[in-house]
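Listed in order, the protein sequences are those of chains A, B, C and D.
Note that the working numbering gives residue 995 to position 139 of the first sequence, counting from 1, and the numbers run on in steps of one.
Note that the working numbering gives residue 884 to position 28 of the second sequence, counting from 1, and the numbers run on in steps of one.
Note that the working numbering gives residue 948 to position 92 of the third sequence, counting from 1, and the numbers run on in steps of one.
Note that the working numbering gives residue 977 to position 121 of the fourth sequence, counting from 1, and the numbers run on in steps of one.
These are computed hints drawn from the structure, not numbers from a lab.
Quantities reported herein were computed from a predicted structural model and do not represent experimental measurements.
You can't tell identical chains apart in this list, so a pair holds if it fits in one copy or across any two.
Derived lysine-lysine pairs resembling BS3-like cross-links, with alpha carbons at most 25 Å apart:
#: 1; residue 1: K1032; residue 2: K1197
#: 2; residue 1: K909; residue 2: K1164
#: 3; residue 1: K1197; residue 2: K980
#: 4; residue 1: K909; residue 2: K1176
#: 5; residue 1: K1176; residue 2: K983
#: 6; residue 1: K1154; residue 2: K909
Residue-level listing of the chains:
There are 4 protein chains.
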Amino acid sequence: MAIVGNSYDNKKKVKVAVIGATGYVGIEIVRILQNHPMVEITSVIGQSFVGQKISDVYPNLRGIFDMECISLDIESLPEKADVFINCLPHGISKEFIPLLLEKGKKIIDHGGDFRYKNVEVYEKWYKTKHELPELLKIAVYGLPELYREAIKDAVLVANPGCYPTCSILGLAPLLKNKLIQTDNIIIDAASGITGAGRKTDLQYSFCESTENFKAYGVATHRHTSEIEQELSLLAGKEIMVSFTPHLLPMKRGILATIYANLNSELTANKSSCKGADKATCNGVNCEIKEEAEITTSKLIELYRKFYKNDKFVRILDEGKLPETKNVAGSNFIDIGIVLDKRMNRVIVLSALDNLGKGAASQAIQCLNIMCGFPEETGLMTPGLYL
Amino acid sequence: MAIVGNSYDNKKKVKVAVIGATGYVGIEIVRILQNHPMVEITSVIGQSFVGQKISDVYPNLRGIFDMECISLDIESLPEKADVFINCLPHGISKEFIPLLLEKGKKIIDHGGDFRYKNVEVYEKWYKTKHELPELLKIAVYGLPELYREAIKDAVLVANPGCYPTCSILGLAPLLKNKLIQTDNIIIDAASGITGAGRKTDLQYSFCESTENFKAYGVATHRHTSEIEQELSLLAGKEIMVSFTPHLLPMKRGILATIYANLNSELTANKSSCKGADKATCNGVNCEIKEEAEITTSKLIELYRKFYKNDKFVRILDEGKLPETKNVAGSNFIDIGIVLDKRMNRVIVLSALDNLGKGAASQAIQCLNIMCGFPEETGLMTPGLYL
Amino acid sequence: MAIVGNSYDNKKKVKVAVIGATGYVGIEIVRILQNHPMVEITSVIGQSFVGQKISDVYPNLRGIFDMECISLDIESLPEKADVFINCLPHGISKEFIPLLLEKGKKIIDHGGDFRYKNVEVYEKWYKTKHELPELLKIAVYGLPELYREAIKDAVLVANPGCYPTCSILGLAPLLKNKLIQTDNIIIDAASGITGAGRKTDLQYSFCESTENFKAYGVATHRHTSEIEQELSLLAGKEIMVSFTPHLLPMKRGILATIYANLNSELTANKSSCKGADKATCNGVNCEIKEEAEITTSKLIELYRKFYKNDKFVRILDEGKLPETKNVAGSNFIDIGIVLDKRMNRVIVLSALDNLGKGAASQAIQCLNIMCGFPEETGLMTPGLYL
Amino acid sequence: MAIVGNSYDNKKKVKVAVIGATGYVGIEIVRILQNHPMVEITSVIGQSFVGQKISDVYPNLRGIFDMECISLDIESLPEKADVFINCLPHGISKEFIPLLLEKGKKIIDHGGDFRYKNVEVYEKWYKTKHELPELLKIAVYGLPELYREAIKDAVLVANPGCYPTCSILGLAPLLKNKLIQTDNIIIDAASGITGAGRKTDLQYSFCESTENFKAYGVATHRHTSEIEQELSLLAGKEIMVSFTPHLLPMKRGILATIYANLNSELTANKSSCKGADKATCNGVNCEIKEEAEITTSKLIELYRKFYKNDKFVRILDEGKLPETKNVAGSNFIDIGIVLDKRMNRVIVLSALDNLGKGAASQAIQCLNIMCGFPEETGLMTPGLYL
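Okay, chain A solo, but in the shape it has when bound (with noise of 0.2 Å):
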């Protein structure tokens, strides 16, 4: 076997089979994969299409990759390969993720099923029975700027949700320096269409959706559990947030517009010169608001230090704004912050590709941490832009 512990033997390949290889997020692990130096895709996994080839399903793999697509077999599953990324929706897993990890295979999976610390919450938000809730234990959220350590020795990644890893990591640096009040924090965000995976829905077709713009889900959208669990962590206290997602007329990219009011001590300040006359005391002569006062460049710089060996997410320079075609179709995630002043309030925009970091190329962010490979192995790969 290619892994021992996460010493990584360089002669060999890692043998990795992708489960649910013909949607959406399992094309993207296998365009991603396939030209992985320490990766060898034995194995994909398509119900829908076995017996064609995945070049026949997605002609742009013509000639580069064209392995044939077979059944999910459980019982010859574990021999396929040492990795498994499995890309098949929440519920579905149960059926095979105890005999992988019996068989000390290591697993990423996309599902929700995994990604909660509290089975009742994943339940209330899923309406839906957890059929594994022992592995909750051993599951370790995938988001490597959070927890790298713990994904290293992970048999079992929970690969997180798109709008989860834009918000969380919009907001991480915020809450863990306590700047911010944890009880108006407000996350609208948009989404490409691809977020919806391969489906034939009417209001996915191109005609009911080109030209257009609506929100979804709007106080009720499953992802807010999940940010909201993450959020409670770095905040070390229980947070609930607003969460929208919005559907955009795009394929690949998700911005989220974050809204945090700052914390009451560091605006103190101003209502503490009470006696002041507004007109002298506007910063130039007053020492403790010089000492204490907020600036967007400072927030950049905290968030810069927050994100220092995380090559991956890139926080932009003051006055410049994110753009989801920076990232789509990269690993990437870019990050604004722009302080009102007016309203005391800071405003996070983050942009990350839905398919990219917020799903196929993050779980290969895991894959190389668990393998031992260097973090950016077969991710060093920019947007299109165009």
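Chains B, C and D: place on chain A using the hints.
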């Protein structure tokens, strides 16, 4: 002259000149007015295309409306029409508006210049000196749902901005009824690219803007001040809001997602039951809570009552959310309301066409009111949807 | 009954029922007819949405046209209206069309069934048996520019296909005037995705069809036979053509690029000057050539003469080319003509809206003719352009 | 210097400078080369952005390739690299190309200037005087599938145009094998908007070009002459073609639909059976016909044989048609072939990425050949599909 006071002499059509007719707002006005039963377009003024037919600039009009563009000759301008719709950007109109008023003409202006009560607010946000501050006293803010009576007698109507129309109409019932806290209102909005006008900036080129989403003008967009002015008037006190515009990869349509916390009186019930066991006091036996409890359906009822005379405001049924394609090409604004009980927060979603109810057709709605026509004349066309 | 022969009793509106009202063609008919001054829509029949308001299916119609969808009850169908517009696919209509005709009703049908003179051609290309071949004798091909007189008295109008309308009108003047060779006509056309109807096929989903272009049905598309039938009638002899449809990443619009070689008589001049020195015989002193020479402007003149009574056919000035955005949402067809002297070939470009002149609004044009209304009633709206 | 003849010293990377690096072709070259294992980009030259990081102009490159743009200083230019890829428009390169050649450098040029054998053809179609006609003798047309051997030794490679690459590769096997008539070849093609380069023309703005389709340059596009030159060389005689480009509402991709009549020798069989009863002679018992009959599958076989050494040309299976999304972002060209027996005509469909195989990646394919690298080095990435 066709207009005597507000009474309409139906033997004569009103003569309308469109100044700046070849921009996107101007041509939308032309498109609607050429089919308006009570209007005769007498002049289309477009500096860049003098001597060309407007149907050479916009060939969709070939055979329908082929009038030649003329230049802006101020001296002869007043005799061209009874009503002038000005679509030139803010700042330029100072040359001819006083003259037109002097000659007894009526004006509907699309610039920001006359939308403000307080000239200092304008000058601060537009970073320019106001040249005609004395006209602010007679200008009426052209939002029929709030200022219908004043518009009837107005000689100078300042047509509202697209984002302000969407934001103000989305919040008016809540503020007027004092249902929400006013210090945490957040308006997160996104617009189609026609909102930028007929420009050749690289960022609005197809290749740079399709399959892309970004925010712009974060914490600094001029429309913030226009929104705040009107919300303050509705609330009866000074209000500041966070307003964040985004650019959508589509042509027409604005969706605003508006967040506001319910007022503490409304939410007091829960905390007033201090000693109560949470499990028993979940609304079933709690009379106080029962009485005061706000629900989504009560809010919808409230909105419908507030807009009961406003044909172009469509309050959606519970569970339905607005989509821009339903209003694109029309004068309608669709509003959906969601009460997030978990957060004690109202989320209002309002959608309109930035060129329609957000600009051109709203101007014609004002024109109808100013001329004494039925308000919906020429405007009862549904959006294209497709 | 409102219709007496073709004379129109203007006190009463014509009652129209739309069968298959919730498909894309059906709803476009509803959109246009609800604003038609001489029509009352009495029923909207849509099997999949019985009991729902049509404005729940297409919320752009909210507050404008909220009629409830009813099921297709054949027995009671005839009493619903004077004219029936059938938008169900070919093959289904056999159940009710004979009954409606028997009851003296008029029908405009969107299927392929009644477009053919020769039942065998239909059966070969549609690979199905024709159930009502006897009706082919009374059916009139609903292309007003060619069959206006016959449509006036028709009781069964077969509304032409979208590609055929675009192709036939593009070629009619050339064939009727015997200007082109008939063995090398090539029609290369592309359509927006609404042409496929309201379908949920994966290939029409946003993510699979945006930013993509492909041909389909190469050498086998059914519309080929419809085009060939009408071109043969125009030419007075059997014609076969190459017709290649393509799928565009947009909603509405067809552009046909049509290639035809000029007739040898017209080109003979050059070769007849056998002995002449090319340098001297370049048209300046060659009387024969001068006389016979075809130019783009002569062709344009010819087209304008041919279509002089056809308000919805716009022949563009020399040097201008049609664009789909100029006709989208309208009943216009724009035609541009280029003579390629180098190749002795005419290139005709014709553009229409596949849902407009290619389907829904053309049906209403026929309706107007059948009911004795001015042909343009309710149809003189320009496309949206934006 | 890294290049000695064509042998590659694998200890040293080849130094490459990109001139005009901030246009769409230039940046695509940068995007590919920054990941090329044998190339070191030593300079990115972009007049409009001197002193800025290229990743400020294209922020998708942030953290991946942040080199600063420098100005085009001709004197110091030669020392910047071993190979120069010039992406400036035709006509400008005369200042530095002779100098670079003199200094022993290799050049790949994207202008039209060096693509022609005959300077008069260039001057006629480009309507400008050629400044360096003597270089036409040493320039090699950079289409590896046809000129691989010449490219190996070339010092000046003229990278082909996007439409020509798509058209020539689509027709080469037919012409080389003399299967088609040469007087009725029609190439109907459509391109994504990146083909126009990084321009701010109004017609390329999002609002003017989305949801629109049009032809342009009908019968006059410059690429016609480039296509004709190469097709004539393949056919061994002068050929003229009709070439019509169209503008698609998308970013990347060209699809050419090519029509050509089969040669009369091939079709003679039918007519040679003059006396035969059509019913009996339908191919079953007709030996002559059997032998000579062309089928789609024979044509596919022929194409596959022709391109057997060309990894980037993918000949599709019978019944499959190319789609631009399968090649977008890649160096592949997909070709589908349909024999229309009814018309005795071949329809070839070829698709490539106008920025990829139609420009940037083809240049790198040439670079690989010129430097003795495996031809596919750095280029075996599939398109994005999504």
